[in-house]
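**Student:** Fit chains B and C to the supplied structure of chain A, relying on the hints for placement.
Chains as they are written, first to last, in my numbering: chain A, 237 to 483; chain B, 2 to 468; chain C, 644 to 853.
It should be emphasised that the hints constitute simulated quantities derived from the structure, not laboratory data.
Do not take every clue at face value.
Using C-beta positions, here's what the derived DEER-type ranges look like [said to hold, decoys possible]:
no.	chain 1	residue 1	chain 2	residue 2	range
1	C	R660	B	R168	42 to 52 Å
2	B	R168	A	E403	49 to 59 Å
3	B	G32	A	D433	15 to 25 Å
4	C	L729	B	R178	32 to 42 Å
5	B	R9	A	D433	11 to 21 Å
6	C	P669	B	R194	37 to 47 Å
Quick caveat: nothing in here was measured; it's all calculated off a predicted structure.
Glycine included, C-beta positions come from ideal geometry on N, C-alpha and C.
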Amino acid sequence: MQERPKKVQLFHTCLINEVYPEVGMSVVRVLERLGIEVEVPLEQTCCGQPAYNAGFQADARTAARHTISVLQRTEGPIVIPSGSCADMVVHQYEVLFYGDEEWLAKAHGVAQRCHEFSQFLVDVLGMTGIGAHVEAKIAYHPSCHLLRGLGVRDQPKALLRAVEGVELVEFREQEECCGFGGMFSVKNPEISGSMMDRKLAAVEGSAADRLVSCDLGCLMHLAGGLNRRRSSLKTQHLAQVLDEGLR
Amino acid sequence: MISPFQERVQAALGDRNLHVALDRATAQLGGRQSMALSTLENSDLVRDVARRAKMEILSDLGGNLKRFEGQLLANGAQVHWAEDGRQANRIILEIAKQRGLKRVVKGKSMATEETHLNAALAKAGLEVVETDLGEYIVQLADSRPSHIILPIAHMTREDVGRLMEQRIGVPYSDDPRTLAGYAREKLRDAFLRADLGITGANFGVVQTGTICLVTNEGNGRMVTTLPRVHVVVMGIEKLVPTMADLDLFLKILARSATGQKLTAYTTLIRGPKKPDEESGPEELHVVLLDNGRSRILAGETAEILGCIRCGACLNACPIYKNIGGHAYGDTYPGPIGAIVTPGLRGLRDWNELPGASTLCGACREVCPVRLDIPRMLLSLRKDCVEQLPNPLGLRIGMKVYGMFASRPALYRRLAKLGRWFLRALAEEGWVKKKVPGLAAGWMRVRDLKAPAAMTFQELWRARKGGG
Amino acid sequence: MSEARATILARLRDAQRTARLPGERPGTPRSLEFASRSPEECLERFQRELTALGVETYLEASAADVRNRVMTLVAGRRLLSWDPELLPYQLASVLTSFIILGRNTREEQAAAEIGLTGCDAAIAETGSLVLLSGKGKSRAVSLLPATHVAVVRRGDLYFSMGEFFRKSGERLAESAGCTIITGPSRTADIELSLTLGVHGPGRVVVVIGP
Chain A
237 MQERPKKVQL FHTCLINEVY PEVGMSVVRV LERLGIEVEV PLEQTCCGQP AYNAGFQADA
297 RTAARHTISV LQRTEGPIVI PSGSCADMVV HQYEVLFYGD EEWLAKAHGV AQRCHEFSQF
357 LVDVLGMTGI GAHVEAKIAY HPSCHLLRGL GVRDQPKALL RAVEGVELVE FREQEECCGF
417 GGMFSVKNPE ISGSMMDRKL AAVEGSAADR LVSCDLGCLM HLAGGLNRRR SSLKTQHLAQ
477 VLDEGLR
Chain B
2 MISPFQERVQ AALGDRNLHV ALDRATAQLG GRQSMALSTL ENSDLVRDVA RRAKMEILSD
62 LGGNLKRFEG QLLANGAQVH WAEDGRQANR IILEIAKQRG LKRVVKGKSM ATEETHLNAA
122 LAKAGLEVVE TDLGEYIVQL ADSRPSHIIL PIAHMTREDV GRLMEQRIGV PYSDDPRTLA
182 GYAREKLRDA FLRADLGITG ANFGVVQTGT ICLVTNEGNG RMVTTLPRVH VVVMGIEKLV
242 PTMADLDLFL KILARSATGQ KLTAYTTLIR GPKKPDEESG PEELHVVLLD NGRSRILAGE
302 TAEILGCIRC GACLNACPIY KNIGGHAYGD TYPGPIGAIV TPGLRGLRDW NELPGASTLC
362 GACREVCPVR LDIPRMLLSL RKDCVEQLPN PLGLRIGMKV YGMFASRPAL YRRLAKLGRW
422 FLRALAEEGW VKKKVPGLAA GWMRVRDLKA PAAMTFQELW RARKGGG
Chain C
644 MSEARATILA RLRDAQRTAR LPGERPGTPR SLEFASRSPE ECLERFQREL TALGVETYLE
704 ASAADVRNRV MTLVAGRRLL SWDPELLPYQ LASVLTSFII LGRNTREEQA AAEIGLTGCD
764 AAIAETGSLV LLSGKGKSRA VSLLPATHVA VVRRGDLYFS MGEFFRKSGE RLAESAGCTI
824 ITGPSRTADI ELSLTLGVHG PGRVVVVIGP
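One chain only, chain A, in its complex shape (with noise of 0.2 Å):
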């Protein structure tokens, strides 16, 4: 294995910054924690998802290059507490510059540099076990592009069953998608709420306490349905379970 990172970059992503600000620092926390220093280019906006998702390519490219753009003044590893944004630099970058030899260059360099929050703990550093303690029947959500579109499945379970105290808690349709997907969330409203109803009533059937995902999208999505059906059911980031554990 390389050599251990001593500094990264915090890729926030805007839900974090604008809805999840506490989530945030929790992966800060979390992170200096295992004695890694964190910096916040404080430049970055937003990765380009929502725009790309709709079909407006060329707007997404336009917040894609301001993206690249900041990362590239940096050095080293980049972390993303975020599955679909993580799969956005990683994944996407390269077709939304597909043709454009010069962006695809610079968009690659970076996305070599890209770790999911859970990813860059259990593979980077090595880590599972880090000493937390919480008590807490735990239903994990697999987000979709975490899963299926960085091939990230065992990484946020062994981080969690790694937490002294908690359970992981098995459910119905445990890997099928909550009903999110950005956009289709308002576009589809109904099917997405069909979607999220069958995921909430697996959760909700098991014996979990908490719902934890690597991925806000899906938790804001899920905690909306949630408290619209005043479930005590509580949800959390990954990074907010291991914080909690940390104190």
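**Tutor:** Here is chains B and C on its own, set in the frame of chain A:
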């Protein structure tokens, strides 16, 4: 104002019976499919080589078709080319008329669904009987198949029992075996009397001109053996290079479609019957159907022509599971349909299909030839934006998004405005008041979390500044 | 219709210029070697697959045993058969009473209870029977009756379909058609519930001889 697609979707979502039927079908099928594919020796390699063979065909489709045609002719078959569905139907009607053929039995063929062949034949006064059990039931119901492999995935056994009681006057039963028995009796007579058999083709082998049909019931064999004329309607993309390639595809098709190693019958056709044979068709006609496939080949979704019509993507798709096949509105449902329908019929009337997906990637994972369906859906979404009128609000919104996403200071200010606005409508962290536009769609089925008071960057800067 | 042909080919030629066809995974071979095994392994595997398919299987040590077995299976039943001269193990010598043949009328053939055929080949890996069509080997024999009895010679067993294709190019080229039969006719169209014997034979019996 709700679109026809949304109407169908709403109807499907509210149809409890549909969900009972769909759940019974897709859950089992998906499980069997993944089991069967994973127990295939070297399955990853087989899939890679199969994909490669399909891409080889597509990289010179015209040349391959010409070679295939050459072999077919050498084998004694007659070859016809059809630019579109109407032409294909006319060709078949002409064949029937010239020979005085009146009684048609059909094997399952999605290509003839595309061309609405049955309606054209019936209009011309021919008697047409669908012989695949699911298709037969669909025909009784005056309906359309809702799944590529399981035409009646949308029907429960009780539905079928009631339908048969009504349409063919048999005693009601909800036992599948009994119901299949009714069909067997009715159809056997049709087979023995038919003079024209029409099927599709699962594969056409360029090297030898062999037509391959993959079936389970035996109706395919009946249709290709008993009537004196056999017509094959084949999409021009259904080719594979060699018999060795055919072997690979046979390994993965049944496993992906039904979880079987092989279907009960794999029929290889190499021409009409020999003069001294007692059975088999006297004439074999092959209709090569374009109907929009050449247009698909010209674009970014060309890869979809490598589809072998196994239906695995349907069983894996959470959207299909929720809305069923009819909601997709045309011949091909599910992920494959979301790409093929706009391709064959035009994007203008079918622009909602590529958007009706979360891009979860389950389809790509199960596809035996590894078609990158999410990539193609995204490409179609781009085509929709570039080729069709977009709501002004959306276009402006995206332009603004693009401009601001590259100007951090402006971005912060705009975001702050948005946050302030939503927070003003919120209570205890959740937006309570009705909001127009996108947020309204969101709030129809779930609550909207209000943005935070301070952004992450503000917290970060405060921490750094203070610390 | 050659106008349609010209139009379609022209469209395809144009399309090829802009067709987006992703490259394959580096290192993907052009083809795969077919699997092959020893005759003993073939036989063992063949029987195992047949059993899993619900096919009755009999392994007979001698030609006489094969003839006895077949007679037991078809005794007293209306029999439709390949031309007896084309059946293996001198079965023609024991099929002396009236049998329906391919040259009988369709109604007579449809009234048969059992269809008796040989096999041009068999595939061990999948438990499949390969029947080439030809004079005296009417396709109706293995299709119309409710029971199909197939007599297989051990020496005609291949391990894999790929092997069979590779070694049988000429035979396949000479025949108008080939049916590869893997188990009885079946459907699961109604709620995925399995029913055997829809249009083809619901009962398949295989007699393997030396």
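**Student:** Which numbered conditions among the earlier hints are violated in the structure presented, ordered from lowest to highest?
**Tutor:** 6
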